[in-house]
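Novice: Produce the entire structure from the sequences given, and follow the hints as far as they go.
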Amino acid sequence: AQSVTQLDSHVSVSEGTPVLLRCNYSSSYSPSLFWYVQHPNKGLQLLLKYTSAATLVKGINGFEAEFKKSETSFHLTKPSAHMSDAAEYFCVVSEPPGGSYIPTFGRGTSLIVHP
Amino acid sequence: NAGVTQTPKFQVLKTGQSMTLQCAQDMNHNSMYWYRQDPGMGLRLIYYSASEGTTDKGEVPNGYNVSRLNKREFSLRLESAAPSQTSVYFCASSERGADQETQYFGPGTRLLVL
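The listed protein sequences derive, respectively, from chains A and B. Just so you know, the first sequence maps onto residues 25 to 139 in the numbering used here. Just so you know, the second sequence maps onto residues 176 to 289 in the numbering used here.
Everything labelled a hint here was simulated from the structure, so no lab data went into it.
Not close to chain A: a few residues of chain B, all C-beta gaps over 12 Å, as computed:
| id | residue |
| --- | --- |
| 1 | 193 |
| 2 | 201 |
| 3 | 252 |
| 4 | 288 |
Computed list of chain B residues with no C-beta within reach of chain A, every gap over 12 Å:
| id | residue |
| --- | --- |
| 5 | 176 |
| 6 | 240 |
| 7 | 253 |
| 8 | 289 |
Within a straight-line C-alpha distance of at most 27 Å, the following computed DSS-like cross-link-like pairs (lysine-lysine) qualify:
| id | chain 1 | residue 1 | chain 2 | residue 2 |
| --- | --- | --- | --- | --- |
| 9 | A | 82 | A | 93 |
| 10 | B | 189 | B | 232 |
| 11 | B | 246 | B | 184 |
| 12 | B | 184 | B | 232 |
| 13 | B | 232 | B | 246 |
| 14 | B | 184 | A | 66 |
| 15 | B | 246 | A | 66 |
| 16 | A | 82 | A | 92 |
| 17 | B | 232 | A | 66 |
| 18 | A | 66 | B | 189 |
| 19 | A | 82 | A | 66 |
From the three backbone atoms N, C-alpha and C, an ideal C-beta is built for every residue, glycine too.
Specialist: Okay, structure coming up:
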């Protein structure tokens with residue numbers, strides 16, 4: 025069985041400061057991990073994904089995430105927040121064939137960016 | 176290449192009315208999904224279809240039915256709408272194996288049941 029926990033429901037930062045959105049997962053297999061972003065009144069868009077290659081994954085808009093198996097974490101970071109980063113962010117775990125390949129979503133973290 | 180399209184974008188229903196939400200994808204994906212999104216709950220899977228001709232229940236299937244009409248289209252039906260079904264509904268598609276399960280989402284349908 026797989027599960028994902030986003031540790032913060034809201035994160036508030038000032039423009040130009042670093043962003044950290046935290047995600048822990050549980051999986052019986054070597055999972056694929058994803059971060060999706062949802063801007064207000066929009067659908068979800070893939071930010072980045074981990075698929076057992078490099079543990080540090082770079083995504084769009086300057087975001088990156090590091091897969092840490094020992095900590096079962098996949099935290100999302102960005103060095104400098106921009107106003108346009110204000111959105112809802114979802115961490116997702118998906119298992120390979122043999123596991124439950126239906127993706128499981130976290131409850132989301134709302135990123136608030138202050139001027 | 177439109178990706179995933181959903182109709183309608185917004186709908187208001189009265190309790191007990193029925194409606195069908197339509198979803199289509201033009202990426203030749205085998206897998207399609209219906210989710211509902213409620214505040215603080217993330218996305219919860221209603222039904223999915225791993226391939227044409229198959230459908231399976233997700234986490235919250237009660238009150239819904241689905242039809243995988245062909246490889247492109249996957250519809251969600253509410254037979255007798257209830258206020259608890261007020262939500263935003265998202266359709267998604269993916270291709271198993273290739274592209275490592277990345278899901279592509281439609282823009283959503285906002286449903287209000289009075």
